Amino acid sequence: MKDNIEKILDECIDRISNGESLESCLASYPEHAEELRPLLLAVRGIKDAELPAIDHKAKSAAKIRLNAALVEKRKEEGAMKQLLEMFTIQRSKVYATVSVLLIAVVVGVSIYAVTGEGGTSNPIHNVAGTAGVSNFMSQQQFEDYLASNSQQTGGNYIDRWGVFASASEDVDMGGALPMPTQAPKEGSYTSDTSGRVSETNVQVIGIDEPDIVKTDGMNIYFSREDYYYYYYDYTSSSDVMPSQMDNGVKIINANPPVNMSVLSKIDRNGNLLLNGSTLAVFTWDGIYGYDVSDPQNPVSKWEITFDSSTSLVAARMYQGKIYLVTQTYIYSGEPMPAQLKVNSESVPLNYYDVYYPILPSYTDSTLNADVFDMQSGQLEDTVSFVGSSWSSVVYMSGDAIYIGYSYSEDTTPYILAFCENNLNGVVPDSVVAKINKLAEYDISNAAKMTEIGVIFDNYLGSLGSDEMMQVEARINDALQSYYNEHMREIDRTRIVKIGLDGLDVTATGSVPGSLLNQFSMDEYNGYLRLATTMGSGFGFSWFWVSNSNANDIYVLDGNLSIVGSIQGLGLTEQIYSARFVGDEGYLVTYRQTDPFYIIDLSNPQNPQLKGELKIPGYSSYLHPMSGDRMLGIGEENWSVKISLFNVADPANPAELDHYILDDSWSDILNTHHAFLLDEAHEIFFLPGSSSGYIFSYTGNKLELITTVSDIQARRAIYIDDSLYVIGDNKIVVLNELDWQVVNELDF
Amino acid sequence: MDDSIYCGTLQRSDSRVEETRRNHLDEKCDSETKTMESVIANLFEEYYDKVVRYIYVRINDQPEVEVLAGEVYEKALISKSFYRGSAVQLRFWIFKIARNLVIDHYRKMGKRKTVNLDEVEISDNSSVEELAERRLQIGELSKAMKQLTEAQQEVISLRFFAGLSSSETAQIMGKSSGAVREMQCDAIQRLRKLM
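Protein sequences appear in the order of chains A and B.
Under my numbering, think of the first position of the first sequence as 1, with each following residue one higher.
Under my numbering, think of the first position of the second sequence as 1001, with each following residue one higher.
Quick caveat, the hints were computed from the structure, so don't treat them as lab data.
All figures in this text were calculated on a predicted structure; none of them were measured in a lab.
From the three backbone atoms N, C-alpha and C, an ideal C-beta is built for every residue, glycine too.
Check each hint, because a few of them may be wrong.
FRET-style restraints, in silico, Cβ to Cβ [to be verified]:
| hint | chain 1 | residue 1 | chain 2 | residue 2 | range |
| --- | --- | --- | --- | --- | --- |
| 1 | B | Gln1147 | A | Leu41 | 57 to 65 Å |
| 2 | A | His658 | B | Gly1174 | 49 to 57 Å |
| 3 | A | Val262 | B | Gln1147 | 22 to 30 Å |
One-sided and incomplete, this derived list gives chain B residues near chain A with beta-carbon spacing under 7 Å [unchecked claim]:
| hint | residue |
| --- | --- |
| 4 | Glu1066 |
| 5 | Tyr1073 |
| 6 | Lys1096 |
| 7 | Asn1100 |
| 8 | Leu1141 |
| 9 | Leu1148 |
| 10 | Ser1166 |
| 11 | Ala1170 |
| 12 | Met1173 |
| 13 | Glu1182 |
| 14 | Cys1185 |
| 15 | Leu1194 |
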């Protein structure tokens, strides 16, 4: 009864909020009207309570701050040009008067101020190789660590700029391939109800990655993807958007193709993993497990939900377990590692499971790895470490999860060293002397950076405008050469290795540069090979230099100490794709042309650049194929380009063929999951901006065999000799022997 | 903003690949604004006032409220999950973040801060009568709210001032919908007597 009233009241609150009258609500529940009326009057009273008018000045200020933060964000995402433009604007402001806008910019940015590395008297240190870790004993210790680690932080927005990097992993970014590293395969997750069934294109065979399509050879599970944009309908007050109308995971009976039909729908949306009869749906707020043994009636089995500050970084499935990497943003008042809930029960925290680097470092979140049993949804083990939310890249082998994240050494010691050693003759000795004196003060690095800014503002402000520009240009030149020399110390990626056996942090290490995506890491014979790009930028006060990209290859041993490297590949270019296959590494960098590099990694201590090929355009995904061939998918002149390389002779890579598609987009540029190779028929599939394309590579000739149009193609799978092209609202099945359409299903 | 559909993309843009993707999406969406900036800017226009009011009910300190409201959006910017959402989810996230900031605020303050109602800033376009009436209402409500449990206050502010549904409120608070409805009912009964 009480429960009933609560429900009715709840409903009436919604109805009144949507503009219905109190009386019409009461009319729906005449039997409760007497009890309801006073409550609804109170509801109306609360709703009508007039709150203060919005202060428009505060609102505009917030907007300016937000815009500044957006610019900052863009910048962090590597939009260099934009960064420089913004910089110019800031400069003109500071030499004018101190405007409100400028203050807003500084405030907005300082909100993101980074926890600097500690140690004021510490000279430049280069943490190479292994850095130690320790674990916490209690919540108190965890909080103390965060507090002491942030002591160096002031309103020093410059620090922030040291942190941005050009790489990040999306859950749906990543990649993989048949031949390379293969994890030992025990738990089979492909049912043998039919002969040949394709699997999601993953990085390591046997380690599945969540994607929008899964199949067991009988049924297709498909969740339409609508990440990329959303609609907001301004004409209706309703929050229901067109793109959301038809969401959900569709379970489609697919075998035999002539009987194709939609069996059922699960009312959630997201990437999928399938293990036997358990389907996991990765939504924006958690993971939901369903028993799909009766595909017409999927039954909810378990759920793992994230708290509000936690988000998914990556997930894998291996031997019936889900490995989950999440990050939890640390709110200062409530520092907590991830709080997951399994079936609505909070998972108790154990601070012994939370590690932190012994050297203080940039910290804004905890990164967490968890292993769940796919069948039961039970949490089996968990480990967390204090890290940064920027640019996390996750790679998993059969032995370990490797999490790489960008961090920046505190730039203050570098800037002080630069001012002390590199500005002689550029600025007057008195300016250098002031900075040297400042360096000795026992104040935080953040405060020193502010003071340096003031010293330069005063000095430059005292010059005439012509002279000021000349001095600025000289300082920038000096800074550029200093940065070129030190960028490997400044731009860093920390790697944390979590052994799957016991799910514990087994090693940490650090390398220069940042990682592009999961393919930038690969474990082979106990060594971890990495491809990194550096040159994201560096600066202080109003000076900023960047754009001197360089790319390195590093080989790390089991303790994540660097044992071998090649430095300085593709100067001024960025890595667009990387792939490691056994003893070989393949790297594509790009600026105007596409140097395709082959690296010999057979001696981990002495990796060698073997061969190089320059062709127009670039490949953003590399797929190794049998017969010493590599397929590259990328772009040239804003059209999708496919290249087939012969890599049999590492010293002389050659392009066997290429094809420029009359289409400007393929989702393979975004995720390797969109690619499908069927070696039995020597074909591959790629989705275009709407059509699906099927290519043959027989005889090393790239040939477009057939195009499936009007489908909004997303993925393709094969079952036996049938190729299913799956689009947003339709599946088209082709017979792979003659490429005739066998059946179509609209949904 | 008059007609129909607004289309936005929230993906990062750090390379030619992203540029290509954006071009591609631009072709697919015919409306003119599709950048992260415009999505966030629209969220700002859409919800800023609501966010301010929601936080105001919890904190009653207008300058602080406005600082926090701005921070909500800045936090939203750096939350990865945020970008994966649909419009409904984005609204939800906005208030989730707002709620965390309010909790954060209280922890920093150590205790609840009260505000002298005479000091509440008054917007200059209100008449004296309106002022008198509004002041009374805020006064009543905020005084009455303080008599509720912390959780009840949260339910009331999320339901009535953030405008979330009871199931969204339940999700944010980590309670069941039933528990939220129960707290809501108790809170309203209590408030009715107090007001």
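Tested hints:
no. : hint                                : in the structure
1   : B:Gln1147 with A:Leu41: 57 to 65 Å  : violated (18 Å)
2   : A:His658 with B:Gly1174: 49 to 57 Å : holds (54 Å)
3   : A:Val262 with B:Gln1147: 22 to 30 Å : violated (53 Å)
4   : Glu1066                             : holds (4 Å)
5   : Tyr1073                             : holds (5 Å)
6   : Lys1096                             : holds (4 Å)
7   : Asn1100                             : holds (6 Å)
8   : Leu1141                             : holds (4 Å)
9   : Leu1148                             : violated (11 Å)
10  : Ser1166                             : holds (5 Å)
11  : Ala1170                             : violated (10 Å)
12  : Met1173                             : violated (10 Å)
13  : Glu1182                             : holds (6 Å)
14  : Cys1185                             : holds (4 Å)
15  : Leu1194                             : violated (9 Å)
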